[in-house]
Every structure is written in C-alpha cells, then in structure tokens.
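> Protein sequence lines, in the order shown, are assigned to chains A and B. If you read the first sequence in the working numbering, its first letter stands for residue 1, the second for the next number, and so on. If you read the second sequence in the working numbering, its first letter stands for residue 170, the second for the next number, and so on.
Please keep in mind that the hints were generated in silico from the structure rather than gathered at the bench. Among the hints, erroneous ones may be present.
[As the list claims (entries may be wrong)] With a straight-line cut-off of 30 Å between C-alpha atoms, the simulated DSSO-like cross-links for lysine-lysine are:
no.: 1; chain 1: B; residue 1: K202; chain 2: B; residue 2: K432
no.: 2; chain 1: B; residue 1: K432; chain 2: B; residue 2: K562
no.: 3; chain 1: B; residue 1: K202; chain 2: B; residue 2: K454
no.: 4; chain 1: A; residue 1: K118; chain 2: B; residue 2: K512
no.: 5; chain 1: A; residue 1: K118; chain 2: B; residue 2: K499
no.: 6; chain 1: B; residue 1: K454; chain 2: B; residue 2: K357
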Amino acid sequence: MPLSFETRQEIESALGRYPERRTAVLDALRAAQRERGYLSSDTIREVAEILDMDPSALVSLVTFYDLFHDNPVGEHVIMVCRSISCYLRGADDLIQYISERLGVPVGGTTADGKFTLKTIECLASCGTAPAMLVNERYYEQLTRERVDQILSALASSTSGKATATGGAQ
Amino acid sequence: MADIDVYEARGGYSAARKALTEMEPAQIVDLVKASGLRGRGGAGFPTGVKWGFVPKGDMLKYLVCNSDESEPGTFNNRELIETDPHQLLEGIIIAAYATGCQRAVIYARGEFALGAERLSRAIGQARARGYFGTSIFGSDFSLEIWLLRGAGAYICGEETALLESAEGNRPMPRSRPPFPAVVGLYGKPTLVNNVETLCCIPHIVGRGAEWFASIGTAPRNTGPKIYSVSGHVNRPGNYELPLGVTLRELIYEHAGGVPSNRKVKAVVPGGSSAAMLGGDQLDIKLDFDTLAAAGSMLGTGAVVVMDETTCIPHASLRMVEFYNHESCGKCTPCREGTMWMVKLLRRICEGGATSADVDELLRIAQAIGFGAPNITLCALGDAATSPITSGIKLFREEFEYHARHGRCPTETQWPTATHGQERRGDMPDLLTNIPPYMLRDETKHVVPSVPQEPR
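Using the sequences and the hints, build the whole thing.
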C-alpha cells in the first residue's frame, strides 16, 4: 500500500521549505515513520522515490539516527534514558521495572502490539531525571508509581499517533 | 517569556534594534571581543574572534545555531529554547548582522519536539513584526531563518557533522581545513554558535561589554554561565551564576547539597566529556582556565555530582557506553577504541578481569584520547577517554578491586546501594524542590502538531 496522500503532501511541502531540497530528508523520513510506525525497506524506497534520492542513502540515515526505527515497533515506543545523570537517579531500576511490567526485554514489543521498550542516550533531561521519551513526548521525574500511571493511560489511549508531534518543521 | 509581547514588554528586541540602527557590524564584533565572551557549547573559543574569521564581503553566508544539545548532564539549551525562544532569536539577529549572514538556520535535536514547536511559534511572531525578512528595523539588513530538526545523534552537536546532517547526509565530521567559516553549510561561509552563546549577545549589546566583563573573572572567564546540575543533589536544575563560582557553592548553596548529607565522591564538572574531579576538590572555581589547569574542562558547564555510594567503574562504564553508541564510526581509533574500552570495562565491572586489564584499558584510552594528536577528526574520541583516564587516576584501587574480586567495594560499604543509583525513599521528593517552570503536568501537556513554519 503506498504512503497516504497526506504523508506524500507533507513530504512534498518539506522539499520546498529549506534553502536546498536535500535538507528535507529527515522531515520526510519522520513523516513516513509517523504513518507507518517504522521504516521498512519498502517504505524507504517509496520515500526515496519522492525525494529523487538513492534508497541506500536513506538507509544509511535510518540506521544512524536513534529516533528512526528500521524494525516493526509497537503503537507506543518507550525510550528510557540510560545516560549518566538518569543512571545515578535510578534509570536501571526503572528500565527493569518497565521490562517486567510489560513482560518484554529491552528492544522487545508486547504481544498485543501496544508497547515497544527501548533505551536511549541522554535526553537533556538530567535535572529532571530519570526520564523517558514516549511518542516524541517527555516524561520526567519518574518513579515506579508515575510509570504505572503513564503506562495505564497509554494502554487505554487509542493511538500513539494522537499525541505524537513534530516532524514537519 | 515564550510570547513576543511579554518579551518586548521587558525590553526584548531593543538590543537588536540598537545594533541594526545605531551600530556598524565591525563595532559589534569588537564589542563581543571586548566582553570576553567565550563559546558556551563546550570548546570555550572566544566568540568575537570566531566572528572575525567569517569572511567580509557581500557573498551569501550562513549563521547556524547549534541546538543539538546532547552532552550527558547538559540541559540548559533545552530550557533556554522552551522558556525564552525570543532571546535566542534576538541573539541570532544581532550575530547575523555583525557577521553579514543573510541566512540563519537553527538546528535543534530531534527529541526537542516541544522546543521546536515554541521556536517555530516565536519565529512566526518575530517575522510578523518584521524582525525577520527584509529591511529589519528600517535598516538595509535582511535575514531569513529556518528551523531544522535532527533525529537523535550526539555527533550532530559537532559542528561539521551538524552541517552534514543539515545537508541531508550521514552526519560524520568533515576534515578541516577548510573550516566552516570558509566552507560551511551548502559550501558557503558559515558561523556556528551554541544557543547559550547567542543568548548572551543581546545582553552584551544592551548593557555593554564592561557590564558583561564585570561578571566572573576578567579577562578570560567573563560573564554569567548556566550551570546544569544533576545527579546526587537535592535540587538538580539550571543555575545561572557568575563564571567561576566554586563547586562547593554550586552544590551546597544552590543545588541544596547531597541527599542524606552523604559525601561527594566525584564530580564531572563539564558534561561527561570532562575529566572527573575528586570529592576533595570542591573549592575549585568552575571556569575555563581553572578547570583546564586542573586537567579537566568547563565544557558545557554540566555538573554531575556522584556521592559516596557511587561505584566509579560502573559510572565510567555508563559514560563510555554513551560514546561507544554515539561514535559515528568514521575514524578507526574512536570506532574501535570505544568498543574495546567498553568490553574491557565491562569485564572489569562484571568480573573475570585481572589488574593487567586496568593497565590495558588505560593504554587504549591514552592511544585514542588527548595524548595522541590529530588521529581523529573530531573530539568525540578524546571525550570518550575522559571517564577512564580520570576515573583510574582518582580511584585506581576501585578498578583493581573490581578486576580482582569481580565485586564492588562500594557495594560492600553501602549494602543498600545499587552502584550509586537512587535508593527508594532516600531521595527527597523532587517535585517539592524544583522551580515551578520545570514542573510539567503531562495531563495538560499534549503537544499539538507543529504548525508549518511560515515563510
């Protein structure tokens, strides 16, 4: 199934937004990922065609940046910061707790397809550590209790896409 | 301060107006030189001198604002962008005018969705008042601005990797020379400045170089600095203080001291790329020259405090893992070296190592980092070795103990400590201690889709 009209339109408009077209590549990939959840080789080929770029150039970007997923992910991608300041304030404990609660290891996706658990490096949230990024939104000053609340709220929400922001800049 | 009316009511954009209508570009460059301002992004290079490198003349030039803040421990750019985006925009207008750049680009890290939204709104407001576009403030100066977003890569904070990323390429640092001032974004002369650096500019123009230089220690360590304090303190947060405040004052008077009055064991004074200091060095002044003389650096001014429950080999491992993950892979010493440092350090932390491994670890670190000149294109490789060389220098016996026993001496002394991580109930409730603007109510904080940037 091809990318939706809206996504294609978003990519087209990104192409005219910057001093040079190629600068729009990250916005384009972000738009495609927002629709598809992750960037499969088919999706990458489609984006490459719109951008008139070689797909391998896009693959090298998708594999480089942490916010792009090259494998299927759940509806909500939970990325817990593991860098030094979060580590000092209990990130490892939190990661283990979320992993147990969801019943998946880091990198895994729950059977119902709701959640993927990942770790991420420093989010610039060190003063409000520990922190995580879910669907492009920050959650900070986490405790087990707050994680419980957040996960419950997300589990009952319809889609991560509803709260996702960003991209088209 | 996110709204332009609030910003202008407090004198916002008056410095830009003054600069564009009453001052010559060269005068502003001289003013910034006289202020003693040094780059706040990590390297500490004199800002006015850097501006002076931008070629004069009528060619197309770019000003790039580096907002790819990703250095572990650092979070002041994020707050500056989210809470006061117009201050940054005003700094950009003045800097672009002073260096003759007709185009400006803000590169924000991909994770900063909220910051990008607020910046985008601020740009729209400023443009609507004619602060971007043609004939700004009735002068003959024109400036166009774009906001770009990254997608999660520490290396994009390195200025040439940032340019590669902005051009849509795999973000690997370029070899220098030529420097960006000569060949930068899209091959044009480009000035790259950090968010905090640019935020100093309106104040220098508005209040004068003497005012700025009267803060801190003239002539080489002037002005205010936003210290990001995190880790084992009661009130983590951003503290704007005169450059050269002592570590002791910062930790105990501003950041509320260490939980349960435990002792400070080690401090990273400038982001995890800076060499650790010991708990007996709390009277050190946190400025460029003092920290450099002590074998460390001010870096981004990110102060990470580790109390006596912290296991230094584990903390070092966590910091080196970061660099291993973020190494772009272009230069062999950094790509392979960070991997081997992680492997060895993991073996030391988890058991099965010997004390020869500690020496080997140090040997690898010295082969990549600072001591070996010009073997990598950027400073990431150097940075990756700091936690190891400084950790072993200060706490060698801990590394040796770990290697010999496969156990943690800190854990033996602090049975409830999990390698220095927070123990539940031992930390005060953060929510009662942080300033109100840092509080985020997730239930109300649904970020709408980012509006299209008006052109």
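> Mind checking the alpha carbons of K202(B) and K432(B) for me, to see if they're no more than 30 Å apart?
Violated, because 41 Å separates the two Cα atoms, which is more than 30 Å.
> Within 30 Å, alpha carbon to alpha carbon, are K432(B) and K562(B)?
holds, 19 Å
> CA of K118(A) to CA of K512(B), is that 30 Å or under?
Between K118(A) and K512(B) the Cα gap is close to 21 Å, so the pair holds against 30 Å.
> Between K202(B) and K454(B), does the CA-CA distance stay at or below 30 Å?
Roughly 23 Å separates the two Cα atoms, so the pair holds.
> Verify the proposed pairing of K454(B) with K357(B), using a straight-line Cα cut of 30 Å.
violated, 39 Å
> Verify the proposed pairing of K118(A) with K499(B), using a straight-line Cα cut of 30 Å.
OK: K118(A) and K499(B) at ~25 Å, within 30 Å.
The earlier numbered hints that this structure contradicts are 1 and 6.
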